[in-house]
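Asker: Assemble the whole structure, with the sequences as input and the hints as a guide.
So the protein lines, in turn, are chains C and R. Residues in the first sequence are numbered consecutively from 54, following the working numbering. Residues in the second sequence are numbered consecutively from 2, following the working numbering.
Think of the hints as simulated: they come from the structure by calculation, not from any bench. Just so we're clear, the structure is a prediction, and the values are computed from it rather than from any experiment. Keep in mind that a hint or two might mislead.
Examples of chain R residues toward chain C, derived with CB under 7 Å [said to hold, decoys possible]:
| no. | residue |
| --- | --- |
| 1 | 7 |
| 2 | 11 |
| 3 | 84 |
| 4 | 85 |
| 5 | 86 |
| 6 | 87 |
| 7 | 89 |
| 8 | 90 |
| 9 | 93 |
| 10 | 94 |
| 11 | 95 |
Glycine included, every Cβ here is placed at the ideal spot set by N, Cα and C.
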Amino acid sequence: MIKVDQLSKRYSGHTALDSVSFEVGRGEIVGFLGPNGAGKTTTLRILTNYLPPSSGSAQIDGLDVFKNSLEVRKRIGYMPENVPLYNDMRVKEYLRFRGALKGLKGKALRIGVGEAMDRTSLHEVRRKMIGTLSKGFRQRVGLADALVNRPPLLILDEPTNGLDPNQIREVRGLIKELGGDHTVLISTHILPEVEMTCGRVIIINQGKIQAIGEPRNLAGQMRSAGTARVELKGDPNVIEGKLGKVGGVRRVTLERSDADWHLFVMKVEANKDVREMIDRLARKEQWAMRELSRKDVSLEDVFADLTMNQHD
Amino acid sequence: MRTFLILLSREIKAYFQSIVAYIVIAAVSLLHGVIFLKFVTALKSDSVPMALNQVMLLNNQFWLVLLLIIPLITMRLFSEEQKLGTLEPLLTAPVQSWQVIFSKYTAALLFYMVLYLPYMFYMIYFEKTVNASAFGGAYAFSSPSFYGGYAMIFLIGLFFVAVGCLASALTSNQIIAAVISFTILLIYFFLGLLRVQFNDLPQITIEFLEYISPIEHMRDWSAGFFNTRPVVYYVSFAALTLSLTHHVLDYRKWRI
Numbered sequence: 054m055i056k057v058d059q060l061s062k063r064y065s066g067h068t069a070l071d072s073v074s075f076e077v078g079r080g081e082i083v084g085f086l087g088p089n090g091a092g093k094t095t096t097l098r099i100l101t102n103y104l105p106p107s108s109g110s111a112q113i114d115g116l117d118v119f120k121n122s123l124e125v126r127k128r129i130g131y132m133p134e135n136v137p138l139y140n141d142m143r144v145k146e147y148l149r150f151r152g153a154l155k156g157l158k159g160k161a162l163r164i165g166v167g168e169a170m171d172r173t174s175l176h177e178v179r180r181k182m183i184g185t186l187s188k189g190f191r192q193r194v195g196l197a198d199a200l201v202n203r204p205p206l207l208i209l210d211e212p213t214n215g216l217d218p219n220q221i222r223e224v225r226g227l228i229k230e231l232g233g234d235h236t237v238l239i240s241t242h243i244l245p246e247v248e249m250t251c252g253r254v255i256i257i258n259q260g261k262i263q264a265i266g267e268p269r270n271l272a273g274q275m276r277s278a279g280t281a282r283v284e285l286k287g288d289p290n291v292i293e294g295k296l297g298k299v300g301g302v303r304r305v306t307l308e309r310s311d312a313d314w315h316l317f318v319m320k321v322e323a324n325k326d327v328r329e330m331i332d333r334l335a336r337k338e339q340w341a342m343r344e345l346s347r348k349d350v351s352l353e354d355v356f357a358d359l360t361m362n363q364h365d
Numbered sequence: 002m003r004t005f006l007i008l009l010s011r012e013i014k015a016y017f018q019s020i021v022a023y024i025v026i027a028a029v030s031l032l033h034g035v036i037f038l039k040f041v042t043a044l045k046s047d048s049v050p051m052a053l054n055q056v057m058l059l060n061n062q063f064w065l066v067l068l069l070i071i072p073l074i075t076m077r078l079f080s081e082e083q084k085l086g087t088l089e090p091l092l093t094a095p096v097q098s099w100q101v102i103f104s105k106y107t108a109a110l111l112f113y114m115v116l117y118l119p120y121m122f123y124m125i126y127f128e129k130t131v132n133a134s135a136f137g138g139a140y141a142f143s144s145p146s147f148y149g150g151y152a153m154i155f156l157i158g159l160f161f162v163a164v165g166c167l168a169s170a171l172t173s174n175q176i177i178a179a180v181i182s183f184t185i186l187l188i189y190f191f192l193g194l195l196r197v198q199f200n201d202l203p204q205i206t207i208e209f210l211e212y213i214s215p216i217e218h219m220r221d222w223s224a225g226f227f228n229t230r231p232v233v234y235y236v237s238f239a240a241l242t243l244s245l246t247h248h249v250l251d252y253r254k255w256r257i
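Answerer: Here it is in structure tokens:
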């Protein structure tokens, strides 16, 4: 559905996107994850033909975004960041206007607007001025606008930005539901959102793609994919040295000391459980132990690791 | 064409569904009414060898009103969309930039012509109710002057509204847009008046200033002398200004 090849975008003096390539298949829900300023919105704007790339190409449904711009735009339902809307129009009037712009007429327009309002539960406010709506309703109007001509591809830029927890749950539910007959590309900097709604995630930072994969597998692909904690009694320097020699442990740090007790946190290689070996080591060295646990890496750790430049 | 009409109807609604539009219409008809009253009163004592319509159209107060309303009606066009960010959904819908520009331009031009309807009404009212011989015997209203005047208001509007569009596309601040277009139009208008201020200008300069002066164009057309020069002049300047607007709007698409 989406094919992005070596896409770059340079503004005078700084590079917003640096040779970004990825593909999104039909019917997928893909999360575009990155900190603010990572290049998410720039990528989405290039896909929706709002900005041109400096180099590289993007195709949607086999059509080049810039050569077949009008055809491409007919296939995309785009909700920009912060959902800009005309405040002087009424909800239904706005959706009819947008539907007509996207080529619907007559009965198709009526049905399209009706269905979009059904899906986003907008009927109760259909006669209200958009300017008087709450943030949650505005967001829904933006979604309804994206849906109105049933485009095969939905591009939503931070769809849950600024909503309260209930509204966020609603919007996420809606996005999941839409996944059935639409391809959905959402950008976000909120991690649980991606874990809950997306089948695949693209992590981007400073204009470069850092990782692509399923949220679960991404964690597994990490070089140091987990942490183990152990609290022992003994000489901290000796313990630190010996723990570091255990197979699979990449790095040992002394987290805190409490009298004779010392809590160590270890970065552990992917798919390795070092707890048994640590237990054996502690018995051999006769260190008393009061905690031994392992924590799997969450997407949050992956994200932090990839975007904070704190590699070891 | 369908897309253009959809956009146009949205723009026209945006004008006429806002209270500001009616305030502007009321204010402009009031100003024109005051000018009208002033000249009708003056006609009582002086006889003028021109139609009343022509006297009014060549008066500086009439032009001041015209120069003021152009920025007022055009400042919102693109600035507001840029401020609200609605330009993004608009231009990522399957529409072309020129359709957006033309729809806004046409709506503004229409509203501008509506603003001059009360003025035309005053003229018709004057013609129907006043006994011309009571006003020094001179004619007070003539058809060529009436239609020629309105046509020239339209032609000048073609160019001036385009200038307003360009100014509005340049900034997301409506006030700045208004100031830019007012400044451009004011300078342009006063170029035509330089001739009156400095009488020792070289002949070629005088000819040039007369050639571009809207008040000179109005003098011809409101006298019933319909030369085609201003038509070409204003249509081509409007086209040039609109194409500049198109470039400004698509500036973000330039590959730097």
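Asker: The structure should be examined with respect to each hint, and the outcome stated for every one.
Answerer: Comparing the hints with the structure gives:
no.: 1; hint: 7; verdict: holds, 5 Å
no.: 2; hint: 11; verdict: holds, 6 Å
no.: 3; hint: 84; verdict: violated, 9 Å
no.: 4; hint: 85; verdict: holds, 5 Å
no.: 5; hint: 86; verdict: holds, 3 Å
no.: 6; hint: 87; verdict: holds, 4 Å
no.: 7; hint: 89; verdict: holds, 5 Å
no.: 8; hint: 90; verdict: holds, 6 Å
no.: 9; hint: 93; verdict: holds, 4 Å
no.: 10; hint: 94; verdict: holds, 5 Å
no.: 11; hint: 95; verdict: holds, 4 Å
Hint check: a violation occurs at hint 3 only; the rest are consistent with the structure.
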